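There are 2 protein chains.
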Amino acid sequence: MSPLPAAVCPPVRVLMGPGPSDIHPRVLRAMSANTVGHLDPYYLRVMDEMQAMLRTLFRTENRMTMAISATGSAGMEATVVNLIEPGDSMIVCKNGVFGMRMADVAERAGAQVTCVERPWGEVFTPGDLKDALAKAKPKVVGIVMAETSTGAWQPLEEIATLVHDAGALLLVDAVTSLGGVPVEVDAWGIDAIYSGTQKCLSCPPGLAPVSFNDRALDVVMNRKTKVQSWYLDVTMLANYWGSDRVYHHTAPINMTYGLHEALRVILEEGLEACFARHALNHQALKAGLSAMGIGFAAQEGHQLPMLNAVTVPEGIDDAAVRGGLLNNFGIEIGAGLGAFKGKVWRIGLMGHASRANNVLLLLGALDELLAEQGHKFDSGAGVAAASQAYRAAT
Amino acid sequence: MSPLPAAVCPPVRVLMGPGPSDIHPRVLRAMSANTVGHLDPYYLRVMDEMQAMLRTLFRTENRMTMAISATGSAGMEATVVNLIEPGDSMIVCKNGVFGMRMADVAERAGAQVTCVERPWGEVFTPGDLKDALAKAKPKVVGIVMAETSTGAWQPLEEIATLVHDAGALLLVDAVTSLGGVPVEVDAWGIDAIYSGTQKCLSCPPGLAPVSFNDRALDVVMNRKTKVQSWYLDVTMLANYWGSDRVYHHTAPINMTYGLHEALRVILEEGLEACFARHALNHQALKAGLSAMGIGFAAQEGHQLPMLNAVTVPEGIDDAAVRGGLLNNFGIEIGAGLGAFKGKVWRIGLMGHASRANNVLLLLGALDELLAEQGHKFDSGAGVAAASQAYRAAT
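Chains A and B are the protein sequences, given in the same order. Number 334 in the working numbering belongs to position 334 of the first sequence; there are no gaps in the numbering. Number 268 in the working numbering belongs to position 268 of the second sequence; there are no gaps in the numbering.
These aren't lab readings, by the way, just hints derived from the structure by calculation. Owing to the predicted nature of the structure, the values given are computational and were not obtained by experimental measurement. Don't take every hint at face value.
One copy or two, it doesn't matter: identical chains are merged, so the pair holds either way.
[What the hints assert, rightly or not] Straight line, CA to CA, 16 Å or less: simulated EDC-like cross-link-like pairs of lysine to aspartate or glutamate:
| hint | residue 1 | residue 2 |
| --- | --- | --- |
| 1 | 341 | 318 |
| 2 | 137 | 314 |
| 3 | 224 | 107 |
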């Protein structure tokens with residue numbers, strides 16, 4: 001073909017959407033390290049180290065903790081198709097896009113799906129699940145810990161107990177939560193969990209960290225039918241990620257380098273410090289937006305620090321503001337999805353993107369764009385309130 | 001956790017195994033470019049350009065030409081699960097590991113699989129398929145163009161005609177062939193095809209280029225059942241890769257940068273020149289190995305230029321030679337798989353790894369290691385024969 005396209009030379013963005021988030025520069029450098037083979041002794045060591053760091057992040061001792069060679073949504077599919085056999089009963093908790101997606105994935109795996117629903121932006125209480133558990137007698141209950149479409153932060157501890165009392169396995173979507181808020185796989189008794197690299201891990205999309213505890217693994221290893229996906233079949237992946245190192249597929253070597261470095265960055269900071277940073281920047285953003293008359297879409301007391309779904313003020317053109325942010329300031333924020341389309345902005349403060357610089361920059365940029373559109377607010381009040389929140393914290 | 005693992009710092013390897021192959025330095029640099037969002041106007045342009053370049057490589061006008069967000073094996077799964085519905089009849093041609101894998105993938109998708117078999121290292125003639133086509137009346141016939149486990153190069157043109165005459169779709173595995181030998185999707189009438197990035201494209205593993213023609217797409221779009229994999233569902237992927245750009249999953253942005261640059265490197269050289277280079281380096285390697293008493297595992301006349309499966313000489317310790325190559329010279333070659341375990345070495349001359357430097361280096365290193373093991377041959381004859389082959393070509 002002629003002429004050839006120019007070499008990739010991307011514009012510089014501030015990634016404050018629902019992911020990918022700002023990538024840590026060390027991660028990008030690691031990704032360009034020279035490639036070795038997927039069975040090279042050096043690569044096997046990198047895999048071991050990555051597994052150990054993922055266990056620390058998931059707060060688990062689970063042997064079967066690894067990264068699926070695809071993006072976060074494939075992590076969802078991997079956990080579902082390994083646990084579910086055709087005809088199995090599964091409950092899916094639906095209060096946003098990713099619960100809907102999980103129900104779809106489960107149905108495609110042949111599950112008899114019972115959906116328990118809450119309005120978008122709200123979370124589930126154990127009471128919401130009781131009847132369905134008694135009626136559906138599920139093998140698996142799937143729930144989203146951080147609903148990226150609504151910014152709702154789902155508590156899991158009590159629900160885990162209830163699910164286990166009903167004899168079911170708890171499957172958790174931690175795509176957006178991992179690395180930003182505590183995810184206690186062992187302490188809460190989460191049986192299977194998946195995440196993605198492009199949210200609070202500050203790594204480009206391309207891998208899906210997953211973990212199965214022995215109870216879940218036992219279910220997988222004793223299936224009557226083969227897992228419907230060859231690529232995601234944990235009974236085979238276990239032989240590559242385990243001590244046998246049997247070839248399954250060719251792992252995405254350089255993505256693994258990136259995730260390895262991303263995990264090192266997080267663990268250098270320390271998990272508690274990292275969670276505190278996410279919480280503080282969220283509080284500052286919230287104070288700033290509140291001073292500008294912008295409220296949150298998710299239920300008070302259950303708002304995620306890394307995914308701020310906020311309501312587009314009355315009379316303001318959603319797309320014009322997002323376009324202004326992107327074109328005038330290089331800032332990406334997310335549009336609303338599904339029920340929230342046109343009504344909500346999704347502001348990510350994830351991983352390396354969760355810093356005061358980004359909060360102040362966004363508030364300043366929004367100040368200008370909202371004033372242009374005639375929004376009634378006290379110009380400058382947003383940055384002042386955020387600044388006050390930061391000062392109060394030190 | 002403490003202490004943290006050290007930062008990734010891989011040993012320098014010469015990747016002459018079955019893939020990943022040597023990565024072009026420009027590709028590694030492209031992969032570390034700053035990340036943008038998966039719906040960023042700039043990224044959408046990169047996707048468009050990548051699709052156009054993939055069409056040139058596949059020699060097709062197929063609209064539905066794109067990259068699956070996972071490695072080559074997921075490309076196999078993507079094409080199979082989109083075309084097959086439970087109960088559909090499918091013929092799989094099996095003469096190595098990847099035909100076996102395709103049969104497994106197809107069974108998991110619910111296909112009634114008929115396997116047509118040839119001994120490892122041999123290829124199929126149209127005659128091998130006639131009876132099975134009449135009997136199985138398949139919806140899809142799957143065949144591997146470049147069997148990475150045996151080095152056999154499968155001709156496709158006549159088989160394509162036969163398959164179409166029988167009213168079936170032809171599905172082709174081009175993981176190892178794409179970019180190294182002609183792959184004529186439109187001229188041969190291939191209905192669906194998949195490849196990987198880590199072979200002749202000189203890009204790290206992580207994406208699977210695929211292409212469906214309108215006949216295949218029509219079958220996918222008119223399915224009675226949902227595609228069993230949500231992640232690989234072309235009916236949804238079409239809305240992201242098509243003009244609508246509807247969010248499906250978060251694409252692996254930086255892998256796309258890498259593939260974009262890898263395709264630019266190939267098209268700058270030109271496809272014909274690239275194929276000629278692969279052919280010449282194969283001939284030189286073959287001449288050299290022959291002079292050292294090492295023969296090929298695949299049928300004469302059907303040996304792949306980029307994947308040289310050669311027989312381990314009598315009395316030589318397979319693992320010791322591969323270990324010596326890796327530890328003394330940093331050279332990775334592949335072991336035999338399945339029926340060829342311990343009997344065959346797989347020497348890749350793929351993409352950027354297909355160059356005289358690698359051929360001469362490998363022959364020199366093998367000379368030393370085989371002499372150490374008491375192999376009877378004329379030391380130096382291998383390099384001399386290869387050098388002669390290069391001189392003859394200029």
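Evaluated hints:
no., hint, in the structure
1, 341 - 318, "within (9 Å within a copy, 61 Å between copies)"
2, 137 - 314, "neither (45 Å within a copy, 61 Å between copies)"
3, 224 - 107, "between (18 Å within a copy, 15 Å between copies)"
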